[in-house]
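Here is how the chains run, residue by residue.
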Amino acid sequence: MSMRTGGTARAGQYAALLGYLVFLAFPFLWLISTAFKPARELGSLHPTWIPDHPTLDNFRTAFDEQPLLRAAANSLTAALCAALIAVVVATPLAYVMARRRSRLTTAATGWVVISQAFPLVLLIIPLFLILKNLHLINTLWGLIMVYAVWALPFALWMLVGYVRAVPAELEEAASVDGAGRLRTLVSVTAPLLAPGIVATALFAFITAWNELFFALVLLKTPEKQTLPVVLTHFIGAEGAADLGPLAAAAFLATLPSLVIFAIIQRRITGGMLAGAVKS
Amino acid sequence: MTLANATVRSGKHGPPGGPQDRPSRPVERSAGTWFLVLPALIPILVLSVGPLLYGIALAFTDAQSGRTRSTQWVGGLNFQDLLHDTLFWDSFRIGLVWAFGVTVPQFVLALGLALLLNQNLRMRWLARALAIIPWAMPEVVVGIMWRLVYHPDAGVLNETLRDLGLGDGRDWLTGLATALPAVIVVGVWAGMPQTAVALLAGLQNTPHELHEAAALDGAGAWRRFRTVTWPVLRPVALAITALNFIWNFNSFALVYVLTNGGPGGRTRLPMLFAYEEAFHYGQFGYAAAMGCVMVAVISVILAVYLAGRLRGGGER
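Going down the list, the sequences are from chains A and B.
If you're matching positions, the first sequence starts at 1 in this note's numbering and goes up one per residue.
If you're matching positions, the second sequence starts at 280 in this note's numbering and goes up one per residue.
Quick caveat, the hints were computed from the structure, so don't treat them as lab data.
Every residue gets a Cβ at the ideal spot worked out from N, C-alpha and C, and that includes glycine.
Be aware that a few hints might be false.
Here are the computed distance ranges between Cβ atoms for each label pair [to be verified]:
hint	chain 1	residue 1	chain 2	residue 2	range
1	A	ARG60	B	ILE321	44 to 52 Å
2	A	PRO54	B	ARG449	27 to 35 Å
3	B	GLU491	A	SER187	42 to 50 Å
4	A	ALA25	B	VAL387	19 to 27 Å
Part of the chain B face toward chain A, derived, beta carbon under 7 Å [to be verified]:
hint	residue
5	PRO318
6	PRO322
7	TYR333
8	GLY334
9	LEU392
10	ALA406
11	PRO417
12	TRP425
13	VAL428
14	ALA433
15	VAL435
16	ASN529
17	PHE531
18	ALA566
19	GLY570
Looking at chain B on its own, in the form it has when it is part of the complex:
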């Protein structure tokens, strides 16, 4: 939006004449522009775009770590193997459960918090200050911290359960049934404040007068939210949930620290699986193929999500 405005503006300003008469275009397509652009462009090409393409190419090879024989093209062999690799599909299913299980509560809780913070409540500042902690904290520390919370003996969770007379508690992170829910709670905790702050910023764009007008018309809180707040918030909500889903699906450090994929692979997210495959077993080509499948699945899910949402917005 802003970009378009800026271009229109500079277009309008450009009177006929030589380049010297057109001060409204501070940057010109010239050697000067390349001088500004190249310092970023070269590292991006060498260390990001290039490697990503290289990574996709590796998925079609039998590349292995520390091998002397030269790497061969194997076509779709890695993908065929993946198709029959039940461990990978298990990991993939866990990854999807994790990504949805984290993203949805993250959004719902964040929306609640943002709506509260948008109110004139005391202690609001405290919630804002506390919201910084999960956001700023290294993921490794988040993991260590929650290991202390979940610790079977010295952890505060089991101690609280004992105090409340709810049994002796359990070993949350190593129990087959509890491990995945336990790490999902940590994921929600870690990502919720960031989402809330983004939503809050969106909320503060809602025109105040509209709210008052709707209230005067006798609209209840829910109707005011539906008709006034949500339409403004919608683009922000769409963008942040899409990003959260991607980040969650690709996340690594949190679960690596909490459970390292255990117990018995119950929390082995696709990223952990691919990491082991690549750097424990040296199967570079196979791990790259896993990465490609992850990208493909994310793209499909996001395309469906965004297309559905955008269409929903158009019908309204």
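Bound conformation, chain A alone:
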């Protein structure tokens, strides 16, 4: 943190940075390495970092053994619908929360904070009973509704920050120019808010794509289960031969989240801070 750093200090900093790089990277590199190893090498007592004979067999086996594609399609449907619903209902509320201070705003902010502190078990048992009464248990729609609401606190948190970043003066200027409220919202606010809304939707998508607990409880039929649930079926009886397909499937399941996250990471940090400034 110094302005003029001596040579030894610099070297120490680089050594520390290298340590972090290794700690962060090595499990992921090992996952990739395992995914491309043929079964024979996985059985060997001296596994290597770089496979001697890299192969795609594990990916093929993974797709044959478990209904991964169907699970991925389920995850995609659930995550897309949940993300869309979440931003569609959250954006208007976030707008109200950002633009005016009322008891409602306070209550909504309180809910955002409190909902973070509750253990999911306290939420899942009632949800299980409610969805069962509505005959939505073991359906993707039931899960989608749960995911949409579950993504709301963070979506609101981010969106309130983005709305605040749009100067109220701009809206005032538009209405002075004679634009109606709806026109102001559509033609002035919405375009400025669009990148933030997209980032929020993508974040909600990843949240739902990655989620295990709700899906584990709410989906019982294998045909309806999402990717994380199906991945857990791989675990347990891991003979050496099964490690490769397990690694391959896990690697594939990560790719969508990684790609999206790489795109929106800066916006998320911005959103977190924008939301945090008020507290």
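Please arrange chain B on chain A, whose structure you already have, making use of the hints.
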């Protein structure tokens, strides 16, 4: 802060006159507001607030899964049973060890990483790129990945130990003594980058001129950190550690995949215990009571932590 400013601003702008003359209030308390608010409010009430209250109520009943007899109020019976349930207290103790064991190293390592990333170092971009991986990865995959690292035969950890001549390694996740430390390492790995990015964003709010002025005054690196950086970073650090603690204490998927609570319950976090109680044994009321105790304990710990920290800030 911003919220308050916005309100002050719109208040100032509001000249006397009818609502039409007050363009500075884009949203009015009217049917329009309700139209904006209701689409979110109804799902929140039906699928979040309602169920949470319902869940708390269930803790005072003998609700069970798949039972035909109607559910009865039993008052504090579930909590009395919990008091004598040694398995639950074991699980609770493990949960606290896990939550502190993960949150503290998470913060210390994240602060180190954030300070490094705030420096003008080469390879900084690589660390930033790698930091995304644990953050974005599904927890299930994090668990699977570390199972491969810890694997007794095909795992890289034991292989490295063998190469270094440090013995044959062991079965980390099924050893009674090693299981909890092993899952704690995974927890730290999974949460550290997110914390580091939040802290880094906080660091970048530190006024640069202050640093330079302090350096000119001859303040060493540690003193500059104490007097210039930390006061700015403090609110962010407070918020992120509090959130991390809550998330860690309530976490489920990571340990479910890594050990499923084993060996012999050594890693059975409260959430795993409550999950089994509810969905293996169907004891909804009892599991809900566990959830309530978890909320209560978290609230107390956080209240003590935040009160202590805030007071500490006031004395300075």
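Violating hint indices (sorted, rising): Hints that this structure does not satisfy do not exist here, as all of them hold.
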